[in-house]
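Peer 1: Take each chain as given, in its own frame, and dock them per the hints.
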Amino acid sequence: MNRSRQVTIVASVLLITCLAGSAFLLSLMDRLRTGATLEDVLFVSSPKAVKRMSLGYDGLLADIYWTRAVQYFGGRHVERASHFRLLAPLLAITTTLDPHLVVAYQFGANFLSPAPPNGAGMPDKAIELVEYGIRNNPDDWKLYYELGFIYYIDTKNYGRAADAFARGSKVPNAHPFLKVMAAQMAQHAGDTQMARALWTTTYQSSQDKQIRGNAIAHLRAIQVEEDVTALEELVGQYGQKTGQLPRSMSDLVAAGLLRAIPVDPTGRPYKLTPQGRVEVQVPDDILFIEKGAPPGYKPPEPKNLENLAK
Amino acid sequence: MNSRIATIASNTFREAVRDRVLYNLIAFAVLLSGAAILVGQISIDIEKLVVINLGLTAVSLFGVVIAIFVGIGLVSKEIEKRTLYTVLSRPVRRWEFIVGKFFGLAGTLVVNAFFMAIGVFAALLYVAHKFQKPDGWVLVALYFIILQFLIICSLALLFSSFSSPLLSAVFAFSLFVIGTFSEDLRNFAGMATGLTKWLATAVAYLIPNFSALNVISSVAHGQPVSGQLIVYNTLYALLYATMALCGAILIFQRRNLK
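Residue numbers (the working numbering), protein chains in the order written: chain A, 1 to 310; chain B, 1 to 258.
Don't read these hints as lab results, they were simulated from the structure.
Even glycine gets a Cβ: it sits at the ideal position worked out from N, Cα and C.
Among the hints, erroneous ones may be present.
[Stated by the list, open to error] Computed cross-link-like contacts, DSS-like style, restricted to lysine-lysine with a CA-CA straight-line distance of at most 30 Å:
1. Lys209/A <-> Lys125/A
2. Lys209/A <-> Lys156/A
3. Lys130/B <-> Lys48/A
4. Lys291/A <-> Lys125/A
5. Lys156/A <-> Lys125/A
6. Lys130/B <-> Lys209/A
7. Lys133/B <-> Lys170/A
8. Lys48/B <-> Lys48/A
9. Lys209/A <-> Lys48/B
10. Lys197/B <-> Lys51/A
11. Lys125/A <-> Lys48/B
[As the list claims (entries may be wrong)] Derived contacts from chain A toward chain B, CB cut-off under 8 Å, selection only:
12. Tyr57
13. Leu60
14. Trp66
15. His100
16. Phe107
17. Val253
Same shape as in the complex, but just chain B (with noise of 0.2 Å):
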């Protein structure tokens, strides 16, 4: 990464530390916290499930909507402010200013997730006394998770460099729901006929798929992750985050800013 990327990320997490993001890791702590100790009361048999569900739930959930509300505002908060012109004056170039805002919230969202993992983790030891080895499973569902985080930035950011930033919430959040529903989507394309098809097949393709980036569940009952989904996972959330990104690029390289 050269040096301007990685002041452009430093500053946009710094930017985020500053506007009070990670205070969702109280709300985070409160939530796992009260739900190990109350579960146990309420419920038969499921305080283990319930702090690997709930905890990777909210880290999910808390990551997506901060992905979307801080990355709809990366760019137009710039142009805004006016800040964008004082960076862009200087020897950076635009797409740079987009890899590196990229980069800043990702990477606010990595930190996020690790301070709630340890949460997640340090929940389970109290209500489990002790870790299991299907326990390692639900770091590969906190990985997934970022790999899912990776996506809906990119998209954000999309969004941002051409539209407003309601606009853009609606959008990615949008996106983000209907890519739960992409296996159906394509079950649906396959049971259809002719144009319906056609359309139906290119829209299943299009949108990003969340629902195999969502091992939860499997992981709370100690169920495997096969090494193959984790290398394709990882592939497909590198490629789509990269696809968006460079549309992200090519209409913020031809966006007039006067």
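Chain A with its partners taken away, still in its complex shape (with noise of 0.2 Å):
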């Protein structure tokens, strides 16, 4: 073996084993400092000057930013978090640099209105932030409706959430839903069909699969939740009957107050408890249910949702 063979390959060797080397000590280093490396940090927290400072390339920034606030709702939603601070100066910072950037508007006021763990819980935050993007993109017909869907399932707020609807429908090329949402909102507010209408909206207007998956999931809590307060109510009824609660739904069956054994989104029969209440055989198949778990029920982490979507 001539002399320059030798020198590269120990040359190679050492280059590989160098490598191999500071990566290990890289992660060893990591496991001693978790909180370091791991601690969310936003350096520049003005939106202005993060946009001086991208030198006219705010498009690809706010891109950055953008993917930068997914993953960090992403990551403290995995973790059960109970705060996110920095997700509503995220998605300032990432509306700043691309006012238009309707995706950021739409999915971050869906991150930020909802109760923790599924949100942050800033309605507020989010009904700011969509009011920005409509101020921007004043003829995106989503942005009212996702503002109206704000102030009727997070707030609460049924006037506002007409309005919102009533202008969206105003827009060139809305959505013709947003029309009847804003003439059915003064009848039918607070009840499940609106929230019904809602959801199948929110499934019917985005081709993201999370995003369908996750209304199909309202959609069976909404479901099961009508069906668990109208089969309480029979066993009610048959309690008044007969002086005593049925044993299971066979009796209701018996009785002629059902025609069949009722099923669950997920093809599973409701099961009816010594105490007359009617549950969901497993709950944690169907999530966001607020009726027809067992008391005390703490639901799991919602994952694949957009397998609900296939």
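Peer 2: Shown next as structure tokens:
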């Protein structure tokens, strides 16, 4: 083996060893300083300063900040965090950098508005964000829909929700359902029909699998809520008629109150507890349910929502 | 273009290719294909936006860096290697040398941008599966980026004609950064009073206006670019590049090369 070849081999081996060694050391340091490496930091918090520093390449920077916002929310959501300190500033920077990034208003508001752990629990910030989006994109009906959605679902301010839907219905090429929702809001505010209509529109107006899956999960939860309410009413009627609670759903069928054993959206029969409560068999399979789960039930982390949209 | 300018331009282009300037295309391809594949997995609903924003920003920034770092050496390197004396001892005028160098560098950047544009459209096709009518505005943004290169090439040559490569790079890059704030500077001039107003206005009109040449963000959203802006930007870039080139020629004509 000549000298040059020897040097090549030794240098190559050294290079690989040093690379592997440095990677190993870095992983050790990460374990040693977990807090330091994983801490969320916003080095520049002023949206205007970030825009100035972008040197005109603000579109790309907006995409980066939007991705950062998605990753931040996703990370905190998985940890089931109770606060999302950086979410609003990240979204403010994103939308200042690119005021036409409609996706950041739509999904950003969905991250901000719901109560923890499903969201940041900041409906006021969500409304502020969407209003800013509307000022910059007045012809995008989805933003008015989003605003009405937040007012309806999260703040229960039905008047404001009706107003947002009415404003949106006047936008060219608006979804025809906005007009219907604006009109029906006064009559049906607060009932599950309205919520069903809103989630159906969300499902129809999005191509994103995660969003569609989320809409389906909410629609299924609404279905369970309606079913459980109706079934518990029947249980009450049975009690009034016979003076005792039914032992199973079959008793309700036998009494002529039901035509068949009712099933939940997963296809499993509803069960009846000895206390006369109606519950789903596997609550973990139906996310976001408020009725139909055992007392003290803690819902699991929503996973693979996009599978529902398939 | 006379044959002497064409010869100098083609030699400048060949020299840039020999200096492996076009290797940046590999980095660009890796960056763009990586982004096209990765962004869909880590973000929501911005795959197409990222391809356009990242692609056009990379075309612009890579080009600016090449224009500055190649441009600043175009004259000084020839003096250092003493090849300039061989060129000028032939029937080549000094202004022809400067103009030839300018076209050579601009040509290199146009070829570079052309290949990058192919990459941008290929990545766009990959993420969107088909082209849509608004995607055509990406071509306008690319055209504006090329106009931006013309201005920077001329500025790099201007600084290169009287200064050292390091100082030329600092001057050219500073002017690029200041040029991106030109609209803010004009706003500032509008708010100022007295001598400050005059000075700020003069500076605002003297520095190149790169902000009007940057339509990346709006074309990424499929927003159209007005025909008037295309005409104005074209005329502006040609006038500004010619002005800087004239400055370079004036300085180089009087420069003592002994």
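Peer 1: Evaluate each hint against the coordinates.
Peer 2: Here is how each hint holds up against the structure:
no.	hint	in the structure
1	Lys209/A <-> Lys125/A	25 Å, holds
2	Lys209/A <-> Lys156/A	27 Å, holds
3	Lys130/B <-> Lys48/A	36 Å, violated
4	Lys291/A <-> Lys125/A	29 Å, holds
5	Lys156/A <-> Lys125/A	16 Å, holds
6	Lys130/B <-> Lys209/A	20 Å, holds
7	Lys133/B <-> Lys170/A	27 Å, holds
8	Lys48/B <-> Lys48/A	25 Å, holds
9	Lys209/A <-> Lys48/B	17 Å, holds
10	Lys197/B <-> Lys51/A	25 Å, holds
11	Lys125/A <-> Lys48/B	28 Å, holds
12	Tyr57	5 Å, holds
13	Leu60	4 Å, holds
14	Trp66	6 Å, holds
15	His100	5 Å, holds
16	Phe107	5 Å, holds
17	Val253	46 Å, violated
Taken one by one, the earlier hints fail for this structure at numbers 3 and 17, listed in ascending order.
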